[in-house]
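Novice: Each chain is listed here by its residues.
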Amino acid sequence: MFSEKDLEKIKAGKKKWSEVTLAKTLSKAPEKKVKTTWSGIPVETLYTPAEIAGLDYESKLGYPGEYPYTRGVQPNMFRGRFWTMRQYAGFGSAKETNARYRYLLGQGQTGLSVAFHLPTQAGYDSDHPLSMGEVGKVGAAIDHIGDMRILFDQIPLDKVTTSMTVNAAATVLLAMYLSVASEQGASWDKVGGTIQNDVLKEIICRGQYIYPPKPTMRLTVDLIEFCQKNVPTWNTISISGYHIRESGSTAAQEIAFTIADGIAYAEACAARGIPVDSFAPRLSFFFNAFTDVLEEVAKFRAARRVWAKIMKDRFKAKDPRSMMLRYHVQTGGVTLTAQQPLNNIVRVALQTLATVLGGNQSLHTNSYDEALCLPTQGAVTVALRTQQIVAEESGACVTVDPLAGSYYVEYLTDKIEAEVEDYIKKIDAMGGTLTAIEQGYIQKEIQNSAYLFQKSIDSGERAYVGVNKYIMEEPPVTDLLRVDMKVGEEKAAELKQWRAKRDKAAWQKALDKLREVSKTDANVMPTVIEAVKAGATVGEVCDVWREIFGQYRPKEFIS
Amino acid sequence: MAEKKIKIIVAKPGLDGHDRGAKLLSRIFAEAGMEVVYTGLRQTPEMIVEAALQEDADVVGLSSLSGVHNYFFPKVVELLKAKKLGNVLVVGGGIIPLEDIPTLKKLGIAEIFGPGTSTDTIVGFIKANVKSK
Amino acid sequence: MDIDYVAEILEGSPLAMARVMTWLENEDERARSCMEKIYPHTGNAYVLGITGSPGTGKSTLTDGVTWQLRNKELTVGIVAVDPSSPFTGGALLGDRIRMTRHSADPGVFMRSMATRGYLGGLAQFTRGAVKVLDAGGKDFVIIETVGVGQDEVDVMRVADTTCVVLVPGLGDVIQSMKAGIMEIADIYVINKYDRPGADQLFAEVQFRVDQDSSIKDRSWVPPVIATVAVEGKGEDDFLEAITAHRTYLEQSGKLLEKRRNRIHEETLQMIHHELFRIIRERLTKDSRIEQMVEEIMNHKLNPYNVVEKVVDEWLPASRLK
Numbered sequence: 300m301f302s303e304k305d306l307e308k309i310k311a312g313k314k315k316w317s318e319v320t321l322a323k324t325l326s327k328a329p330e331k332k333v334k335t336t337w338s339g340i341p342v343e344t345l346y347t348p349a350e351i352a353g354l355d356y357e358s359k360l361g362y363p364g365e366y367p368y369t370r371g372v373q374p375n376m377f378r379g380r381f382w383t384m385r386q387y388a389g390f391g392s393a394k395e396t397n398a399r400y401r402y403l404l405g406q407g408q409t410g411l412s413v414a415f416h417l418p419t420q421a422g423y424d425s426d427h428p429l430s431m432g433e434v435g436k437v438g439a440a441i442d443h444i445g446d447m448r449i450l451f452d453q454i455p456l457d458k459v460t461t462s463m464t465v466n467a468a469a470t471v472l473l474a475m476y477l478s479v480a481s482e483q484g485a486s487w488d489k490v491g492g493t494i495q496n497d498v499l500k501e502i503i504c505r506g507q508y509i510y511p512p513k514p515t516m517r518l519t520v521d522l523i524e525f526c527q528k529n530v531p532t533w534n535t536i537s538i539s540g541y542h543i544r545e546s547g548s549t550a551a552q553e554i555a556f557t558i559a560d561g562i563a564y565a566e567a568c569a570a571r572g573i574p575v576d577s578f579a580p581r582l583s584f585f586f587n588a589f590t591d592v593l594e595e596v597a598k599f600r601a602a603r604r605v606w607a608k609i610m611k612d613r614f615k616a617k618d619p620r621s622m623m624l625r626y627h628v629q630t631g632g633v634t635l636t637a638q639q640p641l642n643n644i645v646r647v648a649l650q651t652l653a654t655v656l657g658g659n660q661s662l663h664t665n666s667y668d669e670a671l672c673l674p675t676q677g678a679v680t681v682a683l684r685t686q687q688i689v690a691e692e693s694g695a696c697v698t699v700d701p702l703a704g705s706y707y708v709e710y711l712t713d714k715i716e717a718e719v720e721d722y723i724k725k726i727d728a729m730g731g732t733l734t735a736i737e738q739g740y741i742q743k744e745i746q747n748s749a750y751l752f753q754k755s756i757d758s759g760e761r762a763y764v765g766v767n768k769y770i771m772e773e774p775p776v777t778d779l780l781r782v783d784m785k786v787g788e789e790k791a792a793e794l795k796q797w798r799a800k801r802d803k804a805a806w807q808k809a810l811d812k813l814r815e816v817s818k819t820d821a822n823v824m825p826t827v828i829e830a831v832k833a834g835a836t837v838g839e840v841c842d843v844w845r846e847i848f849g850q851y852r853p854k855e856f857i858s
Numbered sequence: 006m007a008e009k010k011i012k013i014i015v016a017k018p019g020l021d022g023h024d025r026g027a028k029l030l031s032r033i034f035a036e037a038g039m040e041v042v043y044t045g046l047r048q049t050p051e052m053i054v055e056a057a058l059q060e061d062a063d064v065v066g067l068s069s070l071s072g073v074h075n076y077f078f079p080k081v082v083e084l085l086k087a088k089k090l091g092n093v094l095v096v097g098g099g100i101i102p103l104e105d106i107p108t109l110k111k112l113g114i115a116e117i118f119g120p121g122t123s124t125d126t127i128v129g130f131i132k133a134n135v136k137s138k
Numbered sequence: 054m055d056i057d058y059v060a061e062i063l064e065g066s067p068l069a070m071a072r073v074m075t076w077l078e079n080e081d082e083r084a085r086s087c088m089e090k091i092y093p094h095t096g097n098a099y100v101l102g103i104t105g106s107p108g109t110g111k112s113t114l115t116d117g118v119t120w121q122l123r124n125k126e127l128t129v130g131i132v133a134v135d136p137s138s139p140f141t142g143g144a145l146l147g148d149r150i151r152m153t154r155h156s157a158d159p160g161v162f163m164r165s166m167a168t169r170g171y172l173g174g175l176a177q178f179t180r181g182a183v184k185v186l187d188a189g190g191k192d193f194v195i196i197e198t199v200g201v202g203q204d205e206v207d208v209m210r211v212a213d214t215t216c217v218v219l220v221p222g223l224g225d226v227i228q229s230m231k232a233g234i235m236e237i238a239d240i241y242v243i244n245k246y247d248r249p250g251a252d253q254l255f256a257e258v259q260f261r262v263d264q265d266s267s268i269k270d271r272s273w274v275p276p277v278i279a280t281v282a283v284e285g286k287g288e289d290d291f292l293e294a295i296t297a298h299r300t301y302l303e304q305s306g307k308l309l310e311k312r313r314n315r316i317h318e319e320t321l322q323m324i325h326h327e328l329f330r331i332i333r334e335r336l337t338k339d340s341r342i343e344q345m346v347e348e349i350m351n352h353k354l355n356p357y358n359v360v361e362k363v364v365d366e367w368l369p370a371s372r373l374k
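Same order as they appear, the protein sequences are chains A, B and C.
Quick note on numbering: the first sequence equals residues 300 to 858 in this note's numbering.
Quick note on numbering: the second sequence equals residues 6 to 138 in this note's numbering.
Quick note on numbering: the third sequence equals residues 54 to 374 in this note's numbering.
Quick caveat, the hints were computed from the structure, so don't treat them as lab data.
Treat the hints with caution; some may be incorrect.
[To be verified] Simulated crosslink set (BS3-like; lysine-lysine; CA at most 25 Å straight-line):
1) Lys10/B / Lys338/C
2) Lys513/A / Lys854/A
3) Lys338/C / Lys9/B
4) Lys338/C / Lys854/A
5) Lys818/A / Lys513/A
6) Lys132/B / Lys10/B
7) Lys513/A / Lys528/A
8) Lys818/A / Lys90/C
9) Lys785/A / Lys611/A
10) Lys308/A / Lys332/A
11) Lys111/B / Lys9/B
12) Lys10/B / Lys86/B
13) Lys754/A / Lys10/B
14) Lys513/A / Lys286/C
15) Lys754/A / Lys132/B
16) Lys88/B / Lys136/B
17) Lys86/B / Lys110/B
18) Lys286/C / Lys89/B
19) Lys615/A / Lys725/A
20) Lys818/A / Lys528/A
21) Lys110/B / Lys785/A
22) Lys795/A / Lys528/A
23) Lys795/A / Lys754/A
24) Lys308/A / Lys327/A
25) Lys132/B / Lys9/B
26) Lys785/A / Lys9/B
27) Lys90/C / Lys138/B
28) Lys785/A / Lys132/B
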């Protein structure tokens, strides 16, 4: 972007500045010990055009809404419409969660995001022995289509888009959702939303796996294929880096391993014979946002560029929508502290700003009390208002990609892009993402970063407000949101009734059919829909597959 | 007699899959000279206690971030006692509200380490409180 | 009330077995009298050794064999040995993770152990642990160790049947086959057979086995078994090979011969270990060893006359002059 002559001048100028002006200051007072981004990228005192000398504007940055999408996937970004404000919520029974949804929609939230309790995510009914103590704890207890009806009672599914965090059991929950939509009279081509359906990261770091990699990937692709034909605007997978970052990765690793997962899904879809431009536009992503604003902005920009290149060059996509990296963001759960919890409001605000400056499509902001418990209603409201303040008051939305051209941000963007591409190369050389996961490579890389970070906090080398610096005595926080243990008993009783009431013969027939279809190569989705309509529970459907596919036996790698 | 080592079971009770802390601490404990048995995810209290029994553990460390600590932690202590393992030091960590800690301690959990605790504090506590056998 | 550890072990109490193993690990004196009393009750368990480099899937194979044995209603004891860090002395013992499906099964007892850098040798201690499980009534005892160094070879001598696990792509085959593995392997397992290079590895191992057998005229030619342990594939072939080797040992009388050799070796080693322990303890107690080192350094003494002096002091009659 600069002429050779200008660059020479700047290099000479910087050298002189460093030797004279800067040196004088340094001789009087030494600098702080940590001079890196939060993820550990070394950072210089000053960035000038010299550090981004190789940056070609047209090919590396270009224009928003155009390849390589570094500056955003929409031409005018937030000047048209803000991102979707989508708070992840769910706890206790379907009825309680439904009430929280209607409250949030009343407060100006524009989309829903369902948190299911862990038994649903792991494919167990609420009365399974492994569900003991877990019912309704971190999400809504959804066992069958009846629960799904209550969950979306008086919420029109053709008007509100819904995101569902369920992975290994995604087919079952989507089958219930689509069935409820039909009952409401909503046509499937008007039903929009996202299902997480990302089983690889469950194996890498989140732990809600059920089946071994091969059969679980088959279910993932079944869902993608079914939606591509029947629910055209549904985002069939949300390839998630969020949890990778939460488990300790750096910003660059978050992008690298998420994109590696993305490549594995794209390959699986291609192997099924689905043309790339039929499935790729419906692949969506999910990332984290930490407090180091500029590093995060660079991360999002680099991610868009890398993905566009991969879809174009590697998968030969032609449709521009196949190359657009569209993503949801959640602010960083692990960045929140239990100490001085009100400080978390500030962290979330900075993370929101980073997200918006990075050019997201939707966002969940965490509540300040989440390092202590499930978010209370008051805290959820502040979190939503944080998004609204950034949207309406901060000025971050008035132009597209406002930080482009910052020497530092462009330098970081290139740096993260290079690190991501390096990882992808390494993973390819190992034989692909599945092999890298099987060998524990990805897991160990993440754990090692987590370890280094912890060491820097323990030693005090890196300051963390309220944790290792500016510590103060404080009384315990009370009035936390708690889920009554009774929810478990009530749900177990309800399940008993549900099983007694349903048409036994129809239920048995549907499950038998599911068993037969699952043994073939046919797409399971239509049969799953029949089964859930016949009253089959999440646990019953998942058990059929446990029987056929076996269960994933985790390998844990501790580095 | 050879040098004695502290043997610790690190376990994730319930369905919670957040194991960053558990794995990180496993490594830190090993670096502090302990012998660490990590059980992996989805452990029932029975499985954890069986591991403590067969491994003749000195310490059981439990990690929970899904709000199930009030159910699982005391259950582990209770089963340990039933297996004549009342001497085993039980500690816990994760997302645990401060107001729950007094009750958990009364029920036999020696200490709870919340988010932000330095790993030196945890290692120091274990070394100071482990009982000989 | 004091626990009668011997009686409890003989009844299969996990608590007692676990505690005595700890004493063995710590070289605690309390172990000795227990071991003496349980000794008459040992010799019933069949001992299987599984060894191979890290990442070959030994734990998963052990888990699979255990599953198969449990289906035949045989009880199983497992000793899984992992290395201690030479720098910190700590260890990460990860084998239990692969065994989760047996964790509530009273028919399976699993113990993870760290190598600790035993002065008396790892084998010494493993033998003790195997005896505890044997006396505790386990039908099968499986010893699982990492690597193929001298320590592991020693450990494997405790086993009736020794299985060496190899995987394609690790590139350590020829090396390990030179390093004494041919001598101890009764069965070769090529695990992760779904990986590229598996057939080639199989052929290579088979070739070396044939070559070795033709030179040494062996009556047992080690079979080579292909498995994909994570999917449970080949588990039954593996168990069949183990059973075949056992039958061979029993029918040919080699089992008794093997066990007699083992007792011979073990007894000598135990004497060695005990003498060494006593002498080491005395020499370190009053820092005499340090004085000796000092004097050797200053060339006032040399190691040869120090040895003579020390041994004469405590074992005067032992020297053949």
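Novice: Evaluate each hint against the coordinates.
Specialist: So, going through the hints one by one against the coordinates:
1. Lys10/B / Lys338/C: Holds, at roughly 22 Å.
2. Lys513/A / Lys854/A: This hinted pair holds, its Cα atoms lying about 15 Å apart.
3. Lys338/C / Lys9/B: 19 Å, holds
4. Lys338/C / Lys854/A: Roughly 46 Å between the alpha carbons, so the hint for Lys338/C and Lys854/A is violated.
5. Lys818/A / Lys513/A: 14 Å, holds
6. Lys132/B / Lys10/B: OK: Lys132/B and Lys10/B at ~10 Å, within 25 Å.
7. Lys513/A / Lys528/A: Holds, at about 23 Å.
8. Lys818/A / Lys90/C: 56 Å, violated
9. Lys785/A / Lys611/A: Violated, at roughly 53 Å.
10. Lys308/A / Lys332/A: With a Cα-Cα distance of about 31 Å, the restraint between Lys308/A and Lys332/A is violated, given a limit of 25 Å.
11. Lys111/B / Lys9/B: Cα-Cα ~29 Å, so violated.
12. Lys10/B / Lys86/B: 22 Å, holds
13. Lys754/A / Lys10/B: 23 Å, holds
14. Lys513/A / Lys286/C: 15 Å, holds
15. Lys754/A / Lys132/B: Holds: Lys754/A and Lys132/B sit about 19 Å apart, inside 25 Å.
16. Lys88/B / Lys136/B: Holds, at about 17 Å.
17. Lys86/B / Lys110/B: Holds - the C-alpha atoms of Lys110/B and Lys86/B are around 15 Å apart, at most 25 Å.
18. Lys286/C / Lys89/B: Violated, at about 40 Å.
19. Lys615/A / Lys725/A: 21 Å, holds
20. Lys818/A / Lys528/A: Roughly 22 Å between the alpha carbons, so the hint for Lys818/A and Lys528/A holds.
21. Lys110/B / Lys785/A: At roughly 23 Å apart (the allowed maximum being 25 Å), Lys785/A and Lys110/B satisfy the hint.
22. Lys795/A / Lys528/A: 36 Å, violated
23. Lys795/A / Lys754/A: Violated, because 50 Å separates the two Cα atoms, which is more than 25 Å.
24. Lys308/A / Lys327/A: 28 Å, violated
25. Lys132/B / Lys9/B: 12 Å, holds
26. Lys785/A / Lys9/B: 45 Å, violated
27. Lys90/C / Lys138/B: Since the Cα atoms of Lys90/C and Lys138/B sit roughly 21 Å apart, the hinted pair holds (cutoff 25 Å).
28. Lys785/A / Lys132/B: 39 Å, violated
The structure does not agree with the numbered hints 4, 8, 9, 10, 11, 18, 22, 23, 24, 26 and 28 stated previously, though it agrees with the rest.
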